[in-house]
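Heads up: the protein sequence lines correspond to chains A and B, in order.
Following my numbering, the numbering of the first sequence begins with 1 at its first residue and continues without gaps.
Following my numbering, the numbering of the second sequence begins with 1001 at its first residue and continues without gaps.
FYI, nobody ran anything at the bench for these hints, they're computed from the structure.
Treat the hints with care, since some could be wrong.
Just a few of them, taken from the derived set where beta-carbon distance is under 8 Å, the chain B residues facing chain A [claimed, not checked]:
| no. | residue |
| --- | --- |
| 1 | Gln1044 |
| 2 | Ser1045 |
| 3 | Ser1154 |
| 4 | Thr1157 |
| 5 | Leu1166 |
| 6 | Leu1168 |
| 7 | Ser1170 |
| 8 | Asp1229 |
| 9 | Leu1232 |
Note that the Cβ used here is the ideal one computed from N, Cα and C, for glycine as well.
There are 2 protein chains.
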Amino acid sequence: MSLTGHKKPRAPARLSARDAVKAALAPYKSDLDKTEEALRGYYQSDVAYVPLISGHLIGGGGKRLRPLLVIVSSHLCGYRGEAHIDLSVVVEFIHAATLLHDDVVDSSNLRRGSVSANIKYGNQASVLTGDFLFAQAFTIMSRAADIGVVRLVSEVTRTLAEGELLQLGSTWDLATTEERYLDTIYRKTAALIAACCRIGARLGGATAEREAALGEFGAKIGFAFQLMDDLLDYSAKDAGWGKPLGADLAEGKVTLPVILALRQADTADRAVIEHAFAQGTERVALAEALEVINRRGALEATRAMAQKFVAEAKAALDVFEPSAPREALRALADFVIEREA
Amino acid sequence: MSLTGHKKPRAPARLSARDAVKAALAPYKSDLDKTEEALRGYYQSDVAYVPLISGHLIGGGGKRLRPLLVIVSSHLCGYRGEAHIDLSVVVEFIHAATLLHDDVVDSSNLRRGSVSANIKYGNQASVLTGDFLFAQAFTIMSRAADIGVVRLVSEVTRTLAEGELLQLGSTWDLATTEERYLDTIYRKTAALIAACCRIGARLGGATAEREAALGEFGAKIGFAFQLMDDLLDYSAKDAGWGKPLGADLAEGKVTLPVILALRQADTADRAVIEHAFAQGTERVALAEALEVINRRGALEATRAMAQKFVAEAKAALDVFEPSAPREALRALADFVIEREA
């Protein structure tokens, strides 16, 4: 108040989720700057493809959700060292490696709104640069962390590969159940996000109970994050999304909006969705399928499930006393379901 | 002598390299059986693709050179524990993962004489199963080894990816030098084989000097192994080779036989090789190129270089007293240059 000169306190205008998360993360800006510098340093190599492709993907930006979670979780648990910077690079490299491999697997041509590395540099170089980033992540880890963190990250990397393989096995399979879908997104998305939070806890020497709470927080925002991703695939309005609407459907990926719509669908609706899958990217068929998915409330239901996960994630943090890092994690959780891209 | 009843010593019949290595490796048969069982156990997963593709590639056999080197090196350095079995699985998994990714990168359709996994199960599932095997290797290692071994293996895995990328960058480039070729095969082959021997040394608590000697032994048989591989590509007579003659040339891989032939070639010879590269798999062009490579002595020179590496490898073992495991490593080295497939 003294700064503004106003005499009477006023209710603050409600911040947008984006502004709120920005404010809550401000104390970690200098850490994140160090991470950005370390990311660039660690993808250097005398083999030209490595900095070229890594720079295209990682240097091109991204939300840095996983590094942020390592950093903020470590502060929440009282960590005062510097290893959180290297470990935030580790999780971003593992994430980037899976993106490179996924784009080859999906034959994608867009990533983060730009042409994807597999299109620009070829599938071969993308696969091998992904391998480099995996190996570099483990190299950094073997210098900066103890064997327990290596075990945690290697197990989660194995889980990621299983998740991608499960998704591959469900492609074009309209009989995919909600249970299988949730198992798949746990493995391909939520498990790594949970691990980021647990790494922070380990660095800070947290109790097993607190590490488990942070793991639960991470897993639940991971579920919410993927649900929103799958929802935005059918509903994004923001140009920052960078993929055509309905891309998942065109690639045969059966995600929750489709699963829930099919559960409510009558014979005619089901035929519309089946027709759209059979047609792939054909515009009219896609538009008709989107209409069914909307009308059957599948998008609202998907969003509601994401909101429930975020509420549970925030509740998991109740084992911690109120603090700036706890507020930052809560703001990140809210941002996950309010983002438009 | 007492066993046979003969009074006078006779010169033993010279064993073939295959029989000699078999005899020298007999003491390690039970360890290798344990490795085979552990390999199968560690590629199980509830995700069906993983055991299917891993079983196709790993269950289908192979020379198990890398596991053998871990096992015999550990015995040479006096190791008496059981971790060498798990670590022999680690190096075979890393090797198998690179094979899966290489076959995708090369669009190969044959591996070890069978249809390759990428053809049978698709590029996508091959890439992701490779990722699983990498991650599983690090998971096993994080349970069985100390952080120093993790560092050694993660660095060598990074080197492998760099070697494959270097090779990719040299594809179709007839100006590739011998120096660049040797750098590439060090990274893509020799470095991992050296690491296998050093892992054995670490397990046995060897001195730094002995670990370095085993590393030198491994690197040099690794060079010899790749040189023979590249030679056999142009000269294999054994059906066990399992690839068509000149496959490397057809894929645009510029290996030592071509580099040495081009160095000796006159304008007409050079034109024949360039024509063969331009024609890919066309039979007449390929036969003409093989004739030039042969006539210019490039195959003999490649074999001579491999023999020199093997002689140096064996000499590196002189820091060790004579023993059964030292003889086994020497026999393995000889086998590398006498194998026909």
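Taking the hints in turn, this is what the structure says about them:
no.: 1; hint: Gln1044; in the structure: violated (12 Å)
no.: 2; hint: Ser1045; in the structure: holds (6 Å)
no.: 3; hint: Ser1154; in the structure: holds (4 Å)
no.: 4; hint: Thr1157; in the structure: holds (4 Å)
no.: 5; hint: Leu1166; in the structure: holds (6 Å)
no.: 6; hint: Leu1168; in the structure: holds (6 Å)
no.: 7; hint: Ser1170; in the structure: violated (11 Å)
no.: 8; hint: Asp1229; in the structure: violated (19 Å)
no.: 9; hint: Leu1232; in the structure: violated (24 Å)
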